[in-house]
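**Q** Residues per chain, in single letters:
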Amino acid sequence: MLLKLAGGRVYDPAHKVDGVVRDLYVRDGKIVAPPAADERIDRVYDLSGRVVMAGAIDMHTHIGGGKLNIARAMLPEDHRGDPMARTALTRASAGRAAPGTFATGYRYAEMGYTACFEPAVLPVNARQAHLEMGDTPMVDKGGYVMLGSDDFLLRLMAAGEDQQRINDYVAWTLHATRCIGIKVVNPGGISAFKFNQRMLDLDEPNPYYGVRPRDILRVLSRAVHDLGIPHPLHVHSSNLGLPGNVDSTLGTIRAAEGLSIHLTHIQFHSYGTEGDRKFSSAAARIAEAINSTPNATCDVGQILFGQTVTASGDTMAQHLHSDHASPRKSVIMDIECDAGCGVLPFRYRDQNFVNALQWAIGLEIFLLAKDPWRVFLTTDHPNGAPFTAYPHLIRLLMDRTFRNAHLARLHPEAQAMTTLGSLEREYSLYEIAILTRAAPARLLGLTAMGHLGAGAGADITVYREDADRERMFATPEYVFKDGVLIVRDGKVVQVTWGRYHTVRPEYDPGIERRLEEHFARYHTLRAAHLVIAEDEMRAFGHGGDVLTHPCRPPT
Amino acid sequence: MPASSKPNAEALDVACPFCGLVCDDLSVELGTRLAVRANGCPIAGPAFARAPAPEEVLPRIGGRPVTLTATAAEAARLLGAARQPLIGGLGTDVAGARAATRLADRCGGILDHMNATAMMRNTMVLQDTGWITTTLSEVRNRADLLVVAGGDIVSRFPRFFERCISNETTLFGDGRRCEVIFLGVEVPAGLTLPGPVRSIGCDVLRLSEGLGVMRALLAGRPVVADEAAGAPMAVWRELAERMRAARYGVVAWAAADFDFPHAELTLQALCELIRDLNRDTRCAGLPLGGSDGDLTSDTVQLWQSGFGSRTSFGTGAPVQDIRHYATDRLLEPGGADLLMWISSFDESRTPPVTDLPLIALGRAGMRFDREPAVFMPVGTPGVDHAGHLFRADRVVALPLRQLRESALPSVADAIVAIELALGER
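Here the protein sequences come in this chain order: U and E. The opening position of the first sequence corresponds to residue 1 in my numbering, with each subsequent residue numbered one higher. The opening position of the second sequence corresponds to residue 556 in my numbering, with each subsequent residue numbered one higher.
FYI, nobody ran anything at the bench for these hints, they're computed from the structure. In this text, a Cβ means the ideal position worked out from N, Cα and C, and glycines have one as well. A portion of the hints provided could be inaccurate.
Not everything, but these chain U residues come out facing chain E in the computed CB check (under 7 Å) [said to hold, decoys possible]:
id	residue
1	A85
2	D151
3	E465
Label pairs and their in silico Cβ distance ranges [stated by the list, open to error]:
id	chain 1	residue 1	chain 2	residue 2	range
4	E	E960	U	P327	47 to 55 Å
5	U	R488	E	A962	18 to 26 Å
6	E	R834	U	T555	30 to 38 Å
7	E	L613	U	L547	38 to 46 Å
8	U	A405	E	P777	39 to 47 Å
9	E	G978	U	R488	21 to 29 Å
10	E	R638	U	V20	40 to 48 Å
11	E	P777	U	R409	26 to 34 Å
12	E	E611	U	D545	37 to 45 Å
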């Protein structure tokens, strides 16, 4: 089957193609070089006047795993308000802030996304995370596994074990849990909260282990580097949501000591203490730090106004903020000497000073960060807003008039505390293609995704040109997944199941015996039962492949 | 993967599917009749030992043995004719729950688990105010005080104390002595633990009074009363102080033990007490469940549809109604017009009495008061086939192994057969 996508305006930043009209060819699910003149083309799509990009990749979205399912359980109102009836093609589901897996997959595809990465997989909960991702249709998926408050790592560190043992443990964890990256959430803080510590700054010792967050960042970023894991250490910094947390965020960037580091939902970590209300934007300092630190990347975690739910591994911060929950309910959970989770429904209001300034801070970071290859478009779904808000966010970035019209509606004191109105930058389509396609693929080591060169998987999104960028990005005309037309005019026309992406760096198997002993002695399950087999993954994922991407340790 | 069936071969580190603890350290002697050799309990021993007689593995229509294909076709005919089928029981593993949810979606059916009346008490708390909870290994390592509310735990979860409280070695040192207080029930006979164990007598039906008193005392509010829930004020004062003094207190309960009208309000008061205590110290709830795959089916339904048990697909979209989509109500006139009953762990969990057409997917050996229209004997996850089951704390999904050769279909297999037959109609 040879397809020709003819005459579209192509944005393919991985190949520096910026709005060039050209034909694309697809064979057996992959993009191929133009065929010989005598080859039969089975189907031609006339894309003249259309904008063509690779399928979008959400590199940080909470789509599966225990805490999202707790959010679902807590929010029947979210599901009653947004039912999705069964069709001849698609399953019934429901929900907007905490949608069911079917609703998640269909809606991502209907917006032109073809891959999603769950950023907070607890090792003990990894099987559930993969089960949920497996039941998420249409898109490829992968997970970042959480370390940094687990007692096994903290004991290794407290005992002064060498980096090699930590590397072995990190690599074993990736094998066992079938993930593609390593995440750390409030380094050591989830553990400290179990000892009744309520705050933990970057250089404060854990009350039991004596290990500092800075130490955890150092050994984990070193492990990621030594093992050659493509995705840098994915860091949810200390002091989430607290005024003045800019200092610990800047300290966190430096704590990687020159190694690659990704700061996630950085908007929530870019707050100063200026002004009458002791809450201010530190976006300029954060953007400057990102601009001047080539080893650092970030995703924004933009907030948008309305009802959502926040779900995080950061029990310490979530418990601290639980009085702000709206509606007022919360779940805080300590989990298996491994990690934890906290879930609070949240309603961001444009007439609330703090929420309004959070909105502005996120946009300031987007507009002040100079290198679009190192800043990623996320709302930290659902924490800043449900992912379905992405088209709106794209318009805010691309359309200054639209942005300033929204700014003018905010709490007046928040307007006075932001430079946003003076920022003239408007993102181009080329830059949006970097933020949402080319850069996430590169950051994750997905060589066959996020671009439109020969050999890439034929994940392709085609938009109708529209000056209203929100409308344009909300309903693509065509979405192809592996060369199959899955969405037409913003509606699913074919259900696919995608594949899992993983890495499996090498390790000394001696660590397995230590883990078996540790689990047998202290835990209520066997270490071997954490290990997820490949045939389990295939069964979870409706038969989809489990891809292993290469790791390249430094030589 | 089938384990070796050599005589006397023993499988180690077997995960047990017969209660919500899903202990994964059993040694089981293999063979047609399995025998638990180590780390068993009063529930696991007999449950593993059951082996169906040859005639018990035969599918039946109206009591007559037929092929599996014939039962699937008849089940499909009945489901196709039903306007509001109830898929109840739901005693199955992850794959069975995925299949049952898919079938309900396709047929416009209603899903309700056999333990939902108890489970929904916790769900109502979660939906209204939430909670602060913990998991089994945290209890094993951190708890210095365990309050057991409203029941003895051991009759439903026999190895709970052995696995979570008896250990003196923890991550944080040796010589742990966790104090255990049974609230509203006697100390179970024969329970000996390294730390002190005692009981506080009170009326569980009125427990919310005592919980309210403790919350008031902790908040420094005056309380004018002589007693609460049948216990003197000094008892509540002492318990509140003890809980506040604990470094990591845990309050465990099984919602099934709170079997009285609006017991969810008592559990909510318990969760709010725990929340109050966390202003100063750490304290966490441990809502124990997971037996008969109750948390498993609830969890799977939640992620697929957004709603847990007691959800209808009758309108095409999922709608949960905790009061109305309960099996006992749906079996009243004007409710469901067909019952499909799923129970693969325990052949004694039989379908409720009803005149409705009945399709039963039951553990081989299940006996019925009234012969079902269709009976598909199924294997047991973790015995006859592999599977996955969520544990009591809803975090860990443990892999279950196949321990013997079996021709019995899994629940998921049986539902796929029905779906194939539906597709041909």
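**Q** Each of the hints needs a verdict: does it hold here or not?
**A** Hints and how they fare:
no., hint, in the structure
1, A85, "4 Å, holds"
2, D151, "5 Å, holds"
3, E465, "34 Å, violated"
4, E:E960 - U:P327: 47 to 55 Å, "53 Å, holds"
5, U:R488 - E:A962: 18 to 26 Å, "45 Å, violated"
6, E:R834 - U:T555: 30 to 38 Å, "54 Å, violated"
7, E:L613 - U:L547: 38 to 46 Å, "44 Å, holds"
8, U:A405 - E:P777: 39 to 47 Å, "55 Å, violated"
9, E:G978 - U:R488: 21 to 29 Å, "25 Å, holds"
10, E:R638 - U:V20: 40 to 48 Å, "58 Å, violated"
11, E:P777 - U:R409: 26 to 34 Å, "48 Å, violated"
12, E:E611 - U:D545: 37 to 45 Å, "40 Å, holds"
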